[in-house]
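> Residue numbers (my numbering), protein chains in the order written: chain A, 1 to 313; chain B, 1 to 647; chain C, 1 to 122; chain D, 1 to 201.
If you're looking for bench data, these hints aren't it; they were derived computationally from the structure.
Computed list of lysine-lysine pairs in BS3-like fashion (alpha-carbon distance at most 30 Å, straight line): (1) K575(B) <-> K562(B); (2) K78(A) <-> K366(B); (3) K78(A) <-> K563(B); (4) K261(A) <-> K250(A); (5) K69(A) <-> K356(B); (6) K215(B) <-> K90(A); (7) K69(A) <-> K301(B); (8) K366(B) <-> K90(A); (9) K90(A) <-> K301(B); (10) K562(B) <-> K78(A); (11) K563(B) <-> K90(A); (12) K215(B) <-> K172(D); (13) K563(B) <-> K69(A); (14) K69(A) <-> K368(B); (15) K6(D) <-> K215(B); (16) K6(D) <-> K575(B); (17) K78(A) <-> K356(B); (18) K172(D) <-> K575(B); (19) K562(B) <-> K69(A); (20) K208(B) <-> K6(D); (21) K172(D) <-> K208(B); (22) K366(B) <-> K69(A); (23) K90(A) <-> K356(B); (24) K53(B) <-> K172(D); (25) K78(A) <-> K301(B); (26) K566(B) <-> K215(B); (27) K368(B) <-> K90(A); (28) K638(B) <-> K6(D); (29) K368(B) <-> K78(A); (30) K448(B) <-> K69(A); (31) K172(D) <-> K52(B); (32) K78(A) <-> K448(B).
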Amino acid sequence: MKSKLLRSKWIVLASLVLLVFLSGCEGISVLDPKGPVAEKQYDLIIYSLWFMLGIIVVVFALFTYMIIKYRENRPNRKESDYAPNLHGNKAIEVVWTVIPIIIVIMLSIPTVTTLFDLEKAPEPVEAEPAKEPLVIHATTADWKWFFSYPEQNIETVNYLHIPKDRPIEFKLTSADAMTALWIPSLGGQKYNMAGMQTTLFLQADEEGVYDGRNSNFNGEGFAAQTFKVHAESESAFNEWVSNIQNESPKLTQKKYDELLKPGLTDIDSFSSTHLEYVNHATREGMDYSVKRYRELFEQKLHLDKIKEEETFQ
Amino acid sequence: MNIKALLVDGDPLIYGAMVSIGLVTVAILFLLTYFKKWGWLWREWLTTVDHKKIGIMYILSALVMLFRGGMDAMMMRVQLAFPDLGFLDSQHYNEIFTTHGTIMIIFMAMPFLIGLMNIIVPLQIGARDFAFPYLNALSFWAFFMGAMLFNISFVIGGSPDAGWTSYTPLSGAAMSPGPGQNFYLMGLQLSGIGTLATGINLMVTILKMRAPGMKLFHMPIFTWSTLVTSFIIVFAFPILTIALALLTIDRIFGSQFFTLTGEGLPMMWANLFWMWGHPEVYIVILPAFGIFSEVIATFAKKRLFGYSAMVWSMIIIALLSFLVWVHHFFTMGAGAFVNSVFSVSTMLIAVPTGVKIFNWLATLYKSKIEFSVAMLWALAFIPSFILGGVTGVMLGMAAADFQFHNSYFLIAHFHYVLIAGTVFACFAGLVYWYPKMFGHKMNERIGKWAFWFFVIGFHVCFFPQYFLGLDGMPRRLFITNVVEWLPLNVISTVGAFGMGIGFAIFVYNVYYSYRHSERETTGDSWNGNGRTLEWATTTPVPYYNFATVPHVDEIDPYVRMKKEGKTTFDEPNVKPIHMPSYTGRPFIMMAFLGLASFGLVFEWIWLAIVGLIGGIIFMILRTYDYDEGYYVSVEEIKRTERKARGL
Amino acid sequence: MANSKKRIPTNHIVGFLLSLVMTIVAAWAALQSDLPVMWIIIGIMALAVLQAGVQLFMFMHVTESASGNGHVPWNMMFHGFALAAIVVAGSLFTMSFGFSHDHGDNGGNEQHHEQHQEESGY
Amino acid sequence: MSEEVKTTGPLEYRTNEGQMTILGFWIFLGAEVVLFSTLFATYAVLFGRTADAPTPAELFEPGTVLIMTFLLLTSSFTCGLAVHEMRRGSVKGLTRWMLVTLVLGLGFLGFEIYEFIHYAHEGATIQSSAYWSGFFILAGTHGLHVTLGIGWAFALLHQISKRGITNVTSRKFFIISLYWHFLDVIWIFIFTSVYLIGMVL
Ligand code: HEA
Ligand code: HEA
Ligand code: CUA
Ligand SMILES: [Cu+2]
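Looking at chain A on its own, in the form it has when it is part of the complex:
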């Protein structure tokens, strides 16, 4: 009776798993990659998932067998079903040590190669010429994003436009707390840290609007530190760039300092970048914001209204 209960629980669980899988991965962002980086990670995840499912099936099967077959009050238990002094068996112990070692090796190889691949710009598909990566400096401050395009000499706040099919080389840094840039549909995250610069390559293969966010907790406004990524054709992108170059104001240091203030801000765009006067990735730049806004950081900001203000973007 008890073991039946036990069993039915696992059946329910297993069907739950199946249900989720059968309903497909559409809409589950990590499992629905929109670029080569996310794709690589997706492949690795699915590859590992097969091993894990295999392990789970084996262990669950053994487990179910044991608790059904060897429960004390099973009708017609045989005398030979009980061996209280059984204490080991070298052969079988070697087997269940070696097989996991093999699995670990098989998991390690693609992990390591993928790791090294991710350090480089994604390779172009089908022998197309490699495109020079587009460099974007992504800087965070409590609780907003600055995206500087040094080549184009423009800067956006809280939204991002990228050309599709071209690698993007993000230069990540932070003006204050540690944060992370994460666009699940395009690939995994990396940290932004003041006084340092980390590099993250991403690329979109499909046009579309993707969700991006800071995924590393940094205080009260954390939930609102999101942005939309607009992936578009090269020409649409260029058009957007020249629009900004022509129509948006310059980003003066005064304006920038104002934007840096801890708090929430709307989206915005400028026809110059803040890199001209400060790069927070350097040791000179790392205390820029804290020095200016120490008092503000020291207040509790109480952003009760974050929910309403979420409608930015």
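Dock chains B, C and D with the ligands against chain A, hints included.
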């Protein structure tokens, strides 16, 4: 400073908490006075150095902390399932997950396990007490004062709100001013020192106080797990001590370790934190493994399969645990080479853990499984823990971790290992050793209700979170602002309430059993299936534990003793037993250090100095203390044993 | 203990002389010699480890059998120092090297870059 | 389970309690190794992060540091002699050598305090930069240990003068000797990796 500014104000939740804490305190004080129990409390508990009583105090505190951490969890779950209710704002939510994580790991899981070790380890090796009973009391009170200090942050000064990992620079003075973060630092520091002392104490106890003839490879597996865990504690906790101290000095005395100014290096905190933090999670899982081994062997009525493989796998896990810390920040950008090294070392831990899983399964093979409540918890552990373990390996694959990190996939992973591993083990161990501790069993029927509610609730709560993580839901998010995430969050909350009901039933069972369970008459409570020495002594356990200690030259010595009709009361050979005297000093000394820490929290240096001087005076008193304890006479031992054994 | 009746503690005297010599050699290597920096560092660190050994074995009786504690003290020291090496080397490994911060393609990071060079020298 | 007392071997090892306490202290020293290694790691990682403060090469003085080192080395030696005398049963020898040890220890502390004050005058304090925070906390933690050790040793000398050398006092004294030697070990590493390397780089 005025008192009003100290009290956290402005929120009905907090007022509610203050009022209820106030009421409970008054009620306790009243009851103690009314029943004239103050003397009893002081003589029997506050001054005790008896490992069994200290263990019980650990476990009681841990249960209270589980309640506190659980209430935090419930509040988070309500907020996440009903974002429109506006139940919690961002600031409160941040405080709550911070206290939830910290309390659950530092003030619930560890003390619960240490409590069980306190009670059981000396009994399993045939010792009269710990090697250093006085130090043991000190450790307990250090933990207790640390926990209290951390908990009062809820009513005065404000709770810490930078996560249990307390990453800098967010948790530094510039961005988290005020006492909240100091509560975290001082609370952990105080209890951490207690834990370190316990680790040393347990190591010496196990290495030097075993029954005659008992070699290391004759020790019960729970004792082994304790030894290995203590080894990790001794080497990991000093790292935490220093990390906390450096951040404290940063915050209070203006040094520049983890600051943005003065060329500080905030990410060094993460490095130090995880050098301790990763070993820490194995500190809370290895004893759990030990408990499961004992419970499974007892209720399968069979010897543990692969004893030495079980021991060696724990040792290997312990060594590897110091070589994987970077997997908590693969996304820091340390480069492909660094990540590869730590990726592989992380995945290697799956091998010794797998060995353990298969040995448990093999122990069930050709056994006679009795589905008692303790066994149910142990059995539910195996399939549930696997799900957490294999997802841990997926996290260990650094390239994939870029997508899992900081997401609910990670949250699901560690609740699967922490709850299905540690919490199930705490319940299994408590139910299993309950008769030894309190002289009666917990009711089995009610226990099963608690079990099913908790286990089913657990899976319903955390399984969906894997998918939330894959859908990009980050952790520490106070509001589920993406519609697609909502349904799974609601399911998850339903499961959490299932666990809540399970826990409530469990607590009710404590009361019910106290009133209605049969009192134990034999020391070997589980139908005579005990295998190790703790079952050989009588129940309730006499304060000196064993009248005579048998010679041990094998694993599971009690099995043979029973066959040969031997007991731990070998009347002709009873000798006087040396016992330590009770003393109130550990309590008072730690109260002083608690005061000092409290002073530091509010940066009242004078108070800190007063407390510190008090502490130092007690240390000096201790070094001049030549109290050698006392001897229990042979007559008294004989009288006690005869009575307990009905001779 | 064999030497407990002896008047002259040879062990201690030899240990003391050894540590004096090693200190002087280390100081000379660091302050006076013209050896390459890398060699100096390796050399004086090795001398420090040797000196620690002198203290442990000649002064602290780490392997004294009369203690009844077997190899445990030795074991604790061994693992303590092994872990110390992991903590120090591991921190340098993960906190200084291989950070993919600056590939030198744009300005503003020179200083940072230099820092890493310095540390790899360390 | 009554205490058995052996009749041979050094006094401090004769009771089970003595053995256990000494073992416990060894384990504690293992923890101390890790504790200091964490400080070393922090120091090493923060090396070069001096900000606007002077660099170590500008401030470190070989002379002072060498004197400090010899003071501590010698005190470790005399402390060993004190234990040697204790095992010969000589309260007088023990006291005399231990006093020498403590005087040397105090001398060391004096120089360290002088050194810290000197650096502070030159503009390097715990607050000036990450590097100097690392330096002062590492050296300062060692100094604090030395201070505690001196206080503790005086308390023990006082006890020994009252009770003579017994199982218990010899155990206590043996433990402080371990502690004192251990502080010397730590200092050797500070001397080498902080001062010498700081002057080389
Ligand atoms: C009890 C606590 C506990 C335990 C036991 C574990 C066990 C493991 N953990 Fe977990 N972990 C935590 C508690 C724990 N963890 C916590 C609290 C965090 C997050 C902290 C925070 O950020 O707040 C965390 C985070 C965490 C991360 C960081 C992820 C991130 O932040 O991005 C990683 C990455 O590698 C990881 C990996 C592992 C691995 C590989 C194991 C392994 O030990 C698991 C081994 C077990 C098995 C694999 C199953 C049985 C084995 C077999 C049946 C054999 C065959 C299997 C294979 C060959 C695969 N854990
Ligand atoms: C041992 C450790 C442990 C344990 C046991 C738990 C138990 C639980 N945890 Fe926790 N958790 C952590 C360790 C642990 N957790 C850590 C380390 C973090 C990370 C923190 C951070 O990010 O800094 C975390 C974070 C965390 C989050 C993520 C928060 C976020 O990132 O935004 C969530 C969300 O669902 C959660 C839920 C729960 C739930 C529902 C339980 C349940 O199992 C609780 C069950 C217990 C009870 C419910 C008993 C008490 C209550 C009652 C008896 C009341 C009566 C009943 C009712 C009201 C129904 N936990
Ligand atoms: Cu981080 Cu350089
Ligand atoms: Cu880990």
